[in-house]
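Chains B and S, in that order, give the protein sequences. Add 10 to a position in the first sequence, counting from 1, and you land on the number used in the numbering used here. Add 10 to a position in the second sequence, counting from 1, and you land on the number used in the numbering used here.
Misleading hints may appear alongside valid ones.
When chains are identical, the list treats them as one kind, so a pair holds in a single copy or across two.
Unchecked claim - No farther apart than 30 Å at their CA atoms in a straight line, the calculated lysine-lysine pairs in the DSS-like style are these: (1) K60 x K242; (2) K242 x K231; (3) K435 x K397; (4) K153 x K242; (5) K153 x K435; (6) K397 x K301; (7) K46 x K397.
In case anyone wonders, no lab produced these hints; they're calculated from the structure. As the structure is a prediction and not an experimental result, all values here were calculated from the model.
2 protein chains.
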Amino acid sequence: MKCLPQEIIARKRDGHTLRREEVDAFVAGVVSGGFKDYQSSALLMAIVLKGMTPEETGWLTEAMMRSGRIVELPEVTRPKVDKHSTGGVGDKVSLILAPLVAACGLCVPMMSGRGLGHTGGTLDKLEAIPGFSTQMDDAAYRKQLLEIHQAMIGQSADIVPADRKLYALRDVTATVESIPLICASILSKKLAEGIDALVLDVKFGQGAFMSTEADGRELAKALVAIGTSMGKPTSALLTRMEQPLGRMIGNALEVIESIDCLRGEGPADLMEVTYALCAEMLLLGGLHTDKAAAMAALKQAIDSGAALAAFRRLVEAQGGDPRVLDDYQRLPHCQQHHDVVPDLDAASYIARLDARAYGQAACLLGAGRASMDAVIDPAVGFELLKKEGDRIEPGEAFVRIHYTNTDQLEAVIERLQNATHFSPKPVAVLPLVVDRIAPEINT
Amino acid sequence: MKCLPQEIIARKRDGHTLRREEVDAFVAGVVSGGFKDYQSSALLMAIVLKGMTPEETGWLTEAMMRSGRIVELPEVTRPKVDKHSTGGVGDKVSLILAPLVAACGLCVPMMSGRGLGHTGGTLDKLEAIPGFSTQMDDAAYRKQLLEIHQAMIGQSADIVPADRKLYALRDVTATVESIPLICASILSKKLAEGIDALVLDVKFGQGAFMSTEADGRELAKALVAIGTSMGKPTSALLTRMEQPLGRMIGNALEVIESIDCLRGEGPADLMEVTYALCAEMLLLGGLHTDKAAAMAALKQAIDSGAALAAFRRLVEAQGGDPRVLDDYQRLPHCQQHHDVVPDLDAASYIARLDARAYGQAACLLGAGRASMDAVIDPAVGFELLKKEGDRIEPGEAFVRIHYTNTDQLEAVIERLQNATHFSPKPVAVLPLVVDRIAPEINT
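Let's have the full structure, built from the sequences with the hints guiding it.
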């Protein structure tokens, strides 16, 4: 290696901008072992504390993207557009969005991850459908994209291996919280998919990774700037994640809610975010030039049944049982429910549902995993009978718990009670989509 | 462990003061493996960039000191005082100082390290004496301290094991440059020797670790504050390290110069620093209450031959050949010398000798090691025929190179020429001892 690891680390420690060859040497060293883990973690900490310029972040993103196989899909003639969310509770948007925009003319080559901590993962949700497989070889993947214009699979180990190593290291060295590192991790993986454009859902709030709107906006701007500088049209929506999205939390329950949405029977908040992201994808993919036309196309795809039919094709193509679309009992489900009734003297309003606490309670119930090797139960979860702003009468329940065993039930109930706040007066609900961040030329 | 490594790292990353239990958990984890190397290096980088309060640094020093065996010497009735230098070129003060203050009534239980890079190490110098051993077991060490009041040995592996691990890690992760980490490394090792008081020689200048007087002063103040807060009288001299100290560089050559000094025939600059440090030791050890009396005692020990006799006893006790004191030809020496004559038209003055470049050239010649596993040649080195301020006539040499093989000779000559600067006018030489740093109560 031309640059010694300790010299590169020292330059970032001293606040210098790394040269492109130094960034390249770092990423190559992570993959080859020329950078030892203890050297990588020292450099990561220096990056967390000293930052990176947009140019450096772009070099890091590109070097990471090139650390493994880059998918190229020249045979796909449709615009290839993907969406990435920074993660929230009850966020099943991908399951609705992919078939919906595929029905509108895009190709969605989506590679996703699994859930960890209080947020769920798209792969876990899809795998609640009996038979659904999220792994396939490259030939089958390309064939599916040509035939049904969508695929939802896990990322194979040969794509962005540098991120795999760095992310594991960041997780145990307190170096996750860094906008340049987050940007490079997200964008290297998405840009290795061979897409033409990317839409980002950057969430903020106590249920999101970024807790404040300002932090979320900063991340969104950085993601859009780096993606755009790498030649891929990129835009982001800044969306609120204070209460869970939609009414269902839990893998099979979220599949049900997604199908309901595709059938035109989804909850307003979930559809608001889904439509906004889908419209952005259609615009970026060049299928429409104004938002009203894009929205009309999306609503038409729902109303006509085209979106639901697209989801049915997706399930069939990936080995799932398509009969679940018509019979939810074919999905894993619990024999036992428990409705939680608050101790209220008078009619009240739901003032706040703490998304993070709901996510953590779902984890405790078995719907999510606290560590990557934990086994999840696809059937369990929560059905939110009331959401923020809803009126609740004395004796009414606000949440239904779908559970398999009673071990953690009391603890889960207590957490949900603590995570739910009531007000004697009506409560105003803030809009979900706060802003759109796009390169200056597009705004 | 009560505190998770990533939580401790995150607290320092965010600029918080660590709690004592967190510092203890870090040091215990370094030794036990509960802190992985990649976690330690992330925390080290956070400490480099966010700093540590004096209190935290004291906790770190104490936890490191307690990470291994602590020598206790209750049987020694003399005041036990040691000296530590932050390292310079031509710095053979320890070899003169230990027998000199032992002859004046102190006990010097000195544990030293080896040289690395452009600075030499006390152990390497002593081992140039045929038969001299710097390793002995605890019983022999204690016996020697009782009998001749001085010992100069290497640190055994069971003393401050945390520093051994951390120093190796800091060296390859660009986390050496940190005053709290330097303080904890130096003081934990010295305080584990079982001393009553400590004198520090903090060098600054282009031949020293700290290049500016301000940085040297900051380090000296921190060392004195932490040492004092741990209950050990500690003071420091701030000394200049721009040109090499004394006239000899190279292990056997420095032994010769040390013996000359003990015989009262040492160069002025070397004796100035040695006397100042020795006087400080006598004061801190309580043998004298004013500097003039301490200086008189030291000069008397040289003039009477008591200091030289003490060195003879040290050499004999540690298995060395005492006949070297009377016959320098019994030390390793080179058959070949080369005198470097500058190209001068007229009588000139030596304006500057670059200590770091001289040290690096000595390394290249084989007198020092570039890496810890390199083998050194005790015979080779430089004899400075001229020092800063000296007049030099055309045709006169400024340095004599003692060399064994000719491989690197040309390169060494070139480096020495580049490292030596001449002036047509007389040059003023700045004083070596710039300041004394002591706890406020003592100043």
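Which of the stated hints cannot be reconciled with the structure, identified by number in ascending sequence?
-> Of the numbered hints given earlier, those the structure breaks are 5 and 7, listed in rising order.
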